[in-house]
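Q: Sequence:
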Amino acid sequence: KIEGSAYVIKIGYIPATVPFVPSSGWIGDNLLVPSSIMPWFIVWSIERKGI
2 KIEGSAYVIK IGYIPATVPF VPSSGWIGDN LLVPSSIMPW FIVWSIERKG I
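Residue numbers for the sequence shown follow this note's numbering, so the first one is 2 and each next one is one higher.
Bear in mind the hints are in silico, worked out from the structure with no lab data behind them. Using N, Cα and C, we set each Cβ at its ideal position, and we do this for glycine too. Hints should not be assumed to be uniformly reliable.
To be verified - Ranges between beta-carbon positions, derived for each pair:
1. Phe21 <-> Arg49: 29 to 35 Å
2. Gly13 <-> Val34: 33 to 39 Å
3. Thr18 <-> Gly51: 15 to 21 Å
Can you build the whole structure from these sequences, using the hints too?
A: Okay, here's the thing in structure tokens:
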């Protein structure tokens, strides 16, 4: 999340407004089952208006 936040700031966004979904295609973490090595991730929900 730290690396992602730094990039988000660099391109002009505020990290608190950008949802981060942790996953690793390299070793498969959090792709099919929850990963214990990414405990900072708290599940969030999305609210869509006008759909």
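Q: Each hint should be assessed against the structure and marked as holding or not.
A: Hint-by-hint comparison with the structure:
no., hint, verdict
1, Phe21 <-> Arg49: 29 to 35 Å, "19 Å, violated"
2, Gly13 <-> Val34: 33 to 39 Å, "34 Å, holds"
3, Thr18 <-> Gly51: 15 to 21 Å, "20 Å, holds"
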